[in-house]
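From first to last, the protein sequence lines are chains A and B. Each step along the first sequence adds one to the number in numbering that gives the first Met the number 0, with nothing skipped, and position 202 is 201. Each step along the second sequence adds one to the number in numbering that gives the first Met the number 0, with nothing skipped, and position 60 is 59.
Among the clues, some could well be false.
Because identical chains share one entry, a pair is satisfied inside a single copy or across any pair of copies.
[As the list claims (entries may be wrong)] Straight-line Cα separation of at most 30 Å, DSS-like style, residue types lysine-lysine; simulated pairs:
| no. | residue 1 | residue 2 |
| --- | --- | --- |
| 1 | Lys159 | Lys147 |
| 2 | Lys73 | Lys83 |
| 3 | Lys152 | Lys25 |
| 4 | Lys16 | Lys159 |
Hints listed in this document are in silico derivations from the structure and should not be mistaken for laboratory results.
Number of protein chains: 2
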Amino acid sequence: MTHQKATNITWHEGNLKRDERFAALKASGATLWFTGLPSSGKSTIASALEQVLVQRGLHAYRLDGDNIRFGLNKNLGFSAEDRKENIRRIGEVAKLFADSGTIALTSFISPYAADRNAARALHDQAGLPFLEVFVDTPIDECEKRDPKGLYKKARAGEIKGFTGVDDPYEPPQAPELRLASGSMNVEACVRACLELLTSRRVITAHR
Amino acid sequence: MTHQKATNITWHEGNLKRDERFAALKASGATLWFTGLPSSGKSTIASALEQVLVQRGLHAYRLDGDNIRFGLNKNLGFSAEDRKENIRRIGEVAKLFADSGTIALTSFISPYAADRNAARALHDQAGLPFLEVFVDTPIDECEKRDPKGLYKKARAGEIKGFTGVDDPYEPPQAPELRLASGSMNVEACVRACLELLTSRRVITAHR
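When you get a sec, could you build the whole thing from the sequences and use the hints?
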């Protein structure tokens, strides 16, 4: 009779290689970088996608204002320099998650192309997929939604430097995915993300 | 005949709850915080443990100088303020990994008790396990190993502020685990970590 010892352990010198890791975990890491105007629906879509992936047993994790601005980046304000550093750190953390075999879903306005491209370059250098998802909702639709009344305050001059009102949003020129979320519902947006992840072999059709 | 659509998707309003996440992933997140003198063996043990966990299909990820100092924290130096910020960011990122259902293994000297305790407090507030692992190798043994010749340079005055030579190391007063790695081999250290994770129900004996 053979006993498999649960605590049987083996390892090799040096670090775990990425292909060993992904094979053992039956998972591939990647970053889906959601970008779009305030109230465009980024977080709603990213949250629904996160749920669907996790229900399939896949590690997916959303980085958003709630868990970044009050944690890792709580010592950053809204100056041009701090906004850039904010996105830089998010890009670095997303890369670590992707490297670990998790699908990182970042949900930030990230209005400047240069900052998004820097995050992309980090992933390219590390050989990890960076998939830019442009949540392309017309500004009048975003402004109509305005769940926190921020557009209204920006129009009234009570908030300065608000993206789409008195600060620019630079739309991605060649995103991996464009979601016309003014005319697509959340389910359709999630399906489009799943198809992208499947076509890039981050996930399989069965999982 | 019933077809299970692979793209069947459901989600709820609001964010995924932690218990839903961990149940779906059959995983629990936690942080193992390795601390100890330079050349005490932190990274060797953490790397072996990471391999063993990943081989079991568990998401584990090591944060260490290689992937943090040259990435997220590349804009930090070695002033007292920067060292504190270095450990603060590492604590925040480890917490995110733990929240995502990954076992984060941090491998840094982290010489000051106050900084380690701040990382612990972050986890406590978030209801996530923080397990401090003191790699307690006598300094003469560390200095004998000295693979990069850093103790030698510090003794010669070529490196200033080197922990254990001219900068203090504050040993943990109540670590969850103490590894006498001067007299325990790597396998014994890994087994002790696995036992700790099992006793805290982060992992089960079968996985």
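Results for each hint:
no. : hint             : result
1   : Lys159 to Lys147 : within (16 Å within a copy, 51 Å between copies)
2   : Lys73 to Lys83   : both (14 Å within a copy, 15 Å between copies)
3   : Lys152 to Lys25  : neither (47 Å within a copy, 44 Å between copies)
4   : Lys16 to Lys159  : neither (47 Å within a copy, 34 Å between copies)
Checked against the numbered hints listed earlier, the structure breaks hints 3, 4; every other hint is satisfied.
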